[in-house]
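K.L.:
So the protein sequences, as listed, match chains P and Z. The numbers in our numbering rise by one with no breaks, and the one at position 206 of the first sequence is 208. The numbers in our numbering rise by one with no breaks, and the one at position 115 of the second sequence is 187.
Hints were generated in silico from the structure; no laboratory data involved. The beta carbon of each residue, even a glycine, is placed where N, CA and C say it ideally should be. Treat the hints with caution; some may be incorrect.
Stated by the list, open to error - Some chain P residues judged to face chain Z by a derived CB distance under 7 Å, without partners named:
no., residue
1, MET189
2, PRO192
3, PHE277
What follows is each chain in one-letter form.
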Amino acid sequence: MSVQKTYAEINAKIKAGKAVVMTAEELIALVEEKGLSKAAQEVDVVTTGTFAPMCSSGAFLSFGHTKPRMKMQKVWLNGVAAYTGIAAVDAFIGAAELQEDDPLNSNYPGEFRYGGGHVIQDLVARKPVKLKALGYGTDCYPRRNLETTITLDEINEAILYNPRNAYQNYNCAVNLTDRVIYTYMGMIKPHLGNANYSTSGQLSPLLKDPHFKTIGVGTKIFLGGGIGYVAWNGTQHFPSMMNIEGQELSGAGGTLAVTGDLKQMSPRWLVGTSFLGYGATLSVGIGVPIPILNEEIARYAALKDEELFAPVVDYGEAYPSFTPGNLGYVSYADLKSGKIKVNGKEVLTAPLSSMPRAREIASTLKEWIQKGEFELTEPVKTLPSPADGVIAHSLKED
Amino acid sequence: MSPKRIVLRFGTDSSVKPIVYRLVKDYDLVVNIVKADVNPQKEGTMVLEVSGERNEEGLNYLRSLGISVQDLNQGIVRNEEKCVMCGACTGICPTGALYMERPSMEVHFDGDQCIVCLLCTKVCPMRAMEVRL
Chain P
3 MSVQKTYAEI
13 NAKIKAGKAV
23 VMTAEELIAL
33 VEEKGLSKAA
43 QEVDVVTTGT
53 FAPMCSSGAF
63 LSFGHTKPRM
73 KMQKVWLNGV
83 AAYTGIAAVD
93 AFIGAAELQE
103 DDPLNSNYPG
113 EFRYGGGHVI
123 QDLVARKPVK
133 LKALGYGTDC
143 YPRRNLETTI
153 TLDEINEAIL
163 YNPRNAYQNY
173 NCAVNLTDRV
183 IYTYMGMIKP
193 HLGNANYSTS
203 GQLSPLLKDP
213 HFKTIGVGTK
223 IFLGGGIGYV
233 AWNGTQHFPS
243 MMNIEGQELS
253 GAGGTLAVTG
263 DLKQMSPRWL
273 VGTSFLGYGA
283 TLSVGIGVPI
293 PILNEEIARY
303 AALKDEELFA
313 PVVDYGEAYP
323 SFTPGNLGYV
333 SYADLKSGKI
343 KVNGKEVLTA
353 PLSSMPRARE
363 IASTLKEWIQ
373 KGEFELTEPV
383 KTLPSPADGV
393 IAHSLKED
Chain Z
73 MSPKRIVLRF
83 GTDSSVKPIV
93 YRLVKDYDLV
103 VNIVKADVNP
113 QKEGTMVLEV
123 SGERNEEGLN
133 YLRSLGISVQ
143 DLNQGIVRNE
153 EKCVMCGACT
163 GICPTGALYM
173 ERPSMEVHFD
183 GDQCIVCLLC
193 TKVCPMRAME
203 VRL
């Protein structure tokens, strides 16, 4: 009879220090050695990891009140605007926001050296950050302006809330035009000069649970070096783009919205990031544990780079014009080998997603679980899976 | 004797002098220009491979003109604290000085192969590649 485990049983083993925990890459090796059934019986938890730029990230900050009180209508942190259309001294700093005086792409390609992601990294690094605020004055909040310096420890709350992280899969970007392009996938040289991709493949959290059988609302995760939780599905969560075999991957698949207390995170795992000619963002470290409840879950968690595919997309013409289709699929094994074939031509590849860091996350999470410091949470709600047939809409003009 | 790879940095006044000619004629050096960005009345840089017995004399001549002379592998450095080893630089480095070790996917930098094109200093998403002056 095939193996069946529950969250409670696995957590009891974690507490007793007896759980068998492996990274997704270690599981792959074990399955190759002993077969799937044996591996599914032996292993209780598989850890995953990814460290890459994730633009839809940010933090809710609650600064504390001033004397006299102030309703902050405009807020800048180190010159980067934060959104204040929420209560008096609350603001949301978005990773992709730029400094007010950034020259943007007026001197193309712009450098975008400092943005919201860098503010978040500076805060987490415990560096002082300049806060400037304007208000319009009310009877209850009379103050109109403020210039001061804050640190992460002094403000009341700082809650990382990333509306879209951990993309299940992503395009491999190439350029068919005859000019260099600067994109969120990096600098892409003309005439298929290079190819950039951005997932950790066989370690990537959502590629290892493609049907969302274990990852759901409330799942406890490694986030930014600390503890976080899956808050909801991420925006642009379109898991139906993956077929039932988990192989024919078009587009990007599912995503996660994640949250956690910024004060217990680390600047090693939340890194301000700049893309030449494109903008600023935040690189986020995320690791998700997958409980091996049965053999089917083990089979997906053991998918290897040879069995996972990314679509090759032309970012010179097809992507910006929103033309559907792609130039074929390549496996993550090929992408990681350093070269792929596109339109019959050999193209050198480079990742934007750090494999050494992804491995470090998966190992760290494994260690936390082995030590009994990190127990698994059963989702309080499952996320839409490929079977739900979520369809992407696009904007129409009037 | 293997050629010495050096980076020259000119001020606005020294970029008009025919220094390569002088190195060849007066000091009998074999000079290979790897990369040059020299414009009249502007600051400039030049990457050279030089070999010959009077190498040091030639370099001293350049220094006497106020030109900064540095070993090539000291021009660009990687800030190890900032580098996250993503690998984005490896796709654009023209000489393979920045490359990935497989299967670890760790990024390495071989300063001897660097021609100081400076592409990595702008393309690195963490801005971990720095110019040392």
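K.L.:
Is the shortest C-beta separation between MET189/P and chain Z less than 7 Å?
P.N.:
Since the shortest Cβ distance to chain Z is 5 Å, the answer is holds.
K.L.:
Closer than 7 Å between Cβ atoms is the bar; does PHE277/P clear it against chain Z? Give me holds or violated.
P.N.:
holds (6 Å)
K.L.:
Minimum Cβ distance from PRO192/P to chain Z below 7 Å?
P.N.:
violated (13 Å)
In summary, the structure is inconsistent with hint 2 from the numbered list given earlier, while agreeing with all the others.
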